[in-house]
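First to last, the sequence lines map onto chains A and B.
For the first sequence, position 115 (counting from the first letter as 1) is numbered 115 according to this note's numbering, and the numbering increases by one without interruption.
For the second sequence, position 274 (counting from the first letter as 1) is numbered 1274 according to this note's numbering, and the numbering increases by one without interruption.
Warning: the hint list may mix true and false statements.
[As the list claims (entries may be wrong)] Cut-off 27 Å, straight-line C-alpha distance, at most; resulting in silico cross-link-like pairs (BS3-like, lysine-lysine):
no.: 1; chain 1: A; residue 1: K206; chain 2: B; residue 2: K1106
no.: 2; chain 1: A; residue 1: K197; chain 2: B; residue 2: K1281
no.: 3; chain 1: B; residue 1: K1106; chain 2: A; residue 2: K197
no.: 4; chain 1: B; residue 1: K1236; chain 2: A; residue 2: K199
no.: 5; chain 1: B; residue 1: K1281; chain 2: A; residue 2: K16
no.: 6; chain 1: A; residue 1: K16; chain 2: B; residue 2: K1005
What the hints contain is simulated information worked out from the structure, not anything from laboratory work.
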Amino acid sequence: MKVLVPVKRVIDYNVKVRVKADGSGVDLANVKMSMNPFDEIAVEEAIRLKEADKADEVVVVSIGVKQAQETLRTALAMGADRAILVVAANDVHQDIEPLAVAKILKAIVDEEQPGLVLAGKQAIDNDMNATGQMLSALLGWSQGTFASELDIDGDKAVVTREVDGGLQTIKVNLPAVVTVDLRLNEPRYASLPNIMKAKKKPLDEKTAAGYGVDSSPRLEVVKTTEPATRAAGIIVGSVDELVSKLKEAGAV
Amino acid sequence: MALDKDTLSQFLDALDRFVKERLIPYEDRVADEDVIPPMLVDEIRMMGLFGMSIPEDFGGLGLSMIEEVQAAFVLGQASPAFRSLVGTNNGIGSQGIIIDGTDEQKAQYLPALASGDMIASFALTEPDAGSDAGSLRTTARRDGNDFLLNGTKRYITNAPRADLFTVFARTNPEAEGSAGVSAFLVEAGTPGITLGQPDRKMGQKGSHTCDVILDNVRVPAANIIGGPDRLNKGFKTAMKVLDRGRLHISAVCVGAAERLIRDSLSYAMERKQFGEPIAEKQLIQAMLADSRAEAFAARCMIEETARRKDAGQNVSTDAACCKMFASEMVGRVADRAVQIHGGAGYMAEYAVERFYRDVRLFRIYEGTTQIQQILIARNMIRTAAA
Chain A
1 MKVLVPVKRV IDYNVKVRVK ADGSGVDLAN VKMSMNPFDE IAVEEAIRLK EADKADEVVV
61 VSIGVKQAQE TLRTALAMGA DRAILVVAAN DVHQDIEPLA VAKILKAIVD EEQPGLVLAG
121 KQAIDNDMNA TGQMLSALLG WSQGTFASEL DIDGDKAVVT REVDGGLQTI KVNLPAVVTV
181 DLRLNEPRYA SLPNIMKAKK KPLDEKTAAG YGVDSSPRLE VVKTTEPATR AAGIIVGSVD
241 ELVSKLKEAG AV
Chain B
1001 MALDKDTLSQ FLDALDRFVK ERLIPYEDRV ADEDVIPPML VDEIRMMGLF GMSIPEDFGG
1061 LGLSMIEEVQ AAFVLGQASP AFRSLVGTNN GIGSQGIIID GTDEQKAQYL PALASGDMIA
1121 SFALTEPDAG SDAGSLRTTA RRDGNDFLLN GTKRYITNAP RADLFTVFAR TNPEAEGSAG
1181 VSAFLVEAGT PGITLGQPDR KMGQKGSHTC DVILDNVRVP AANIIGGPDR LNKGFKTAMK
1241 VLDRGRLHIS AVCVGAAERL IRDSLSYAME RKQFGEPIAE KQLIQAMLAD SRAEAFAARC
1301 MIEETARRKD AGQNVSTDAA CCKMFASEMV GRVADRAVQI HGGAGYMAEY AVERFYRDVR
1361 LFRIYEGTTQ IQQILIARNM IRTAAA
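So here's chain A without its partners, still in its complex pose (with noise of 0.2 Å):
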């Protein structure tokens, strides 16, 4: 069975973020790019089932500006096979949307006949969790989101989902799309010496006019404001004058 996994350049979890002065967005000029984490978790995953044979090739996808070839080098040196990359932007500014990049993936999901999309539930910048269940619509596909388990059971997947308040077990159809939460796996450094290795791994490169999809953005950002900065505490001197402040500001 095939895997096909997209990942997605992000900006770096660590970075802290600064909005841009005309509340356009965020700015990512000369900012630290990483894989997407739950992307990489999708990675890991994928690797772990070709590890135990329960799939026999990985292949990773990233759409967006051509400095995306990082983000899959990445994944090449973790563990996957080969790679495809869609350039679909040449602003590293311009997102591109969950519908552009779920047609996209259906066509190389077309090309490909993979048994499996394996994907993080989410991008850490926009936090849309949309191309995965737009894909598997798509694609008339069987879909478990927010896996915290996965196995492959013939030609069935078990997948453990996070909901509300527990777990939920779902046993769906293969092919179908998985995507996953941040429990199911703890993903692997990619190695110095596979980094090395992973440069002689194949890198396909594409453009999403070449599937035929145009990938301009369709939604207005109105306004992108930081988060409220927390306003300063106090000290109070004694448990009753703590209690007569919170009773004072309605807290108790």
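Keeping the supplied structure of chain A fixed, place chain B upon it in accordance with the hints.
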């Protein structure tokens, strides 16, 4: 082989992440327990850190000097105990074989050293022979096709976990000074080798040194680094090995300095006195600025020298300048870091207290500052006189 720009930056990013997420969080535990947890040793092995400077043909990464120092800038940010674990395999423990070894010796040992399955140690120093390596007393007496080694080696880094020693011993008792010394590859299991108790050191807990005692250790002549032809030429091998190591150690010093500066800056920006962060105080700012400028100077010297070494130039004098300047620099930076932290800097809760002790060693090992000074000045005089 030089890495392309993208691969190098990916490599350094991966190393930086590993250092920040895996090594730095374990520093306190390693220092408290005086041991690097075995599972972390395995992770370090998996990352490929044992083979950075070993050629790709033998399973290493084959980094050039400029790439190696850039990796050391990153690795130096974590406790020197981690660097020390991989330091001998990348440096003094393997370089002798890489530079002067026979094809058989390379094939036999380098793959296991690159993977970290075998740990190498460099046994030069003796109780009465430190900087004056020419006064070695360990002897290697010929017995048929073998040599019998006798003597004591002191402060041998990684000896307690070593599988392979490079032992320097006198093969020609008639020759004076450094002539008549040969370098032998001796496996740890060879009968006649005993280890002393681990030394009780000032710092760098988690990294171990001890005495290595050789009592009639039988070693075939084929185990001389470079084969029997390099009999009595061991000291030349030692010097070549130490030359490369100077740049590596210098880069580790810069990494440690940058870590100390980062810790000091974040402390100074948080710690409030007289109604404002102490970072606003000009006397604190002076210390931060001095440290930043000195660390930057060392970084530039090292990068420049490493590039020239890769271009095939003789950098002996400048490598010694780097080792002298960078190790003294990190000593001053560590001192200021403790000062900026004030009382807190004297307490083990803060990493600067540990680093202050750890970095003291950099001015001593692989050639003291004074030895570097002599080397630099002698080379200056020799060049001027020529």
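Status of the hints after comparison with the structure:
Of the supplied pair hints, the one linking A/K206 and B/K1106 is violated, its CA atoms being roughly 44 Å apart against a limit of 27 Å. With a C-alpha separation of about 50 Å, the suggested pair A/K197 and B/K1281 falls outside the 27 Å cut-off, and the hint is violated. Annotation: proposed proximity of B/K1106 to A/K197 holds, straight-line Cα distance about 22 Å (limit 27 Å). Among the hinted pairs, B/K1236 with A/K199 is inconsistent with the structure: their alpha-carbon atoms are about 38 Å apart, more than 27 Å.
For the proposed pair B/K1281 and A/K16, the alpha carbon gap of about 26 Å is at most 27 Å, so the pair holds. The suggested pairing of A/K16 with B/K1005 holds, with an alpha-carbon distance near 26 Å, which does not exceed 27 Å.
Going down the numbered hints, you'll see the structure goes against 1, 2 and 4, while the others check out.
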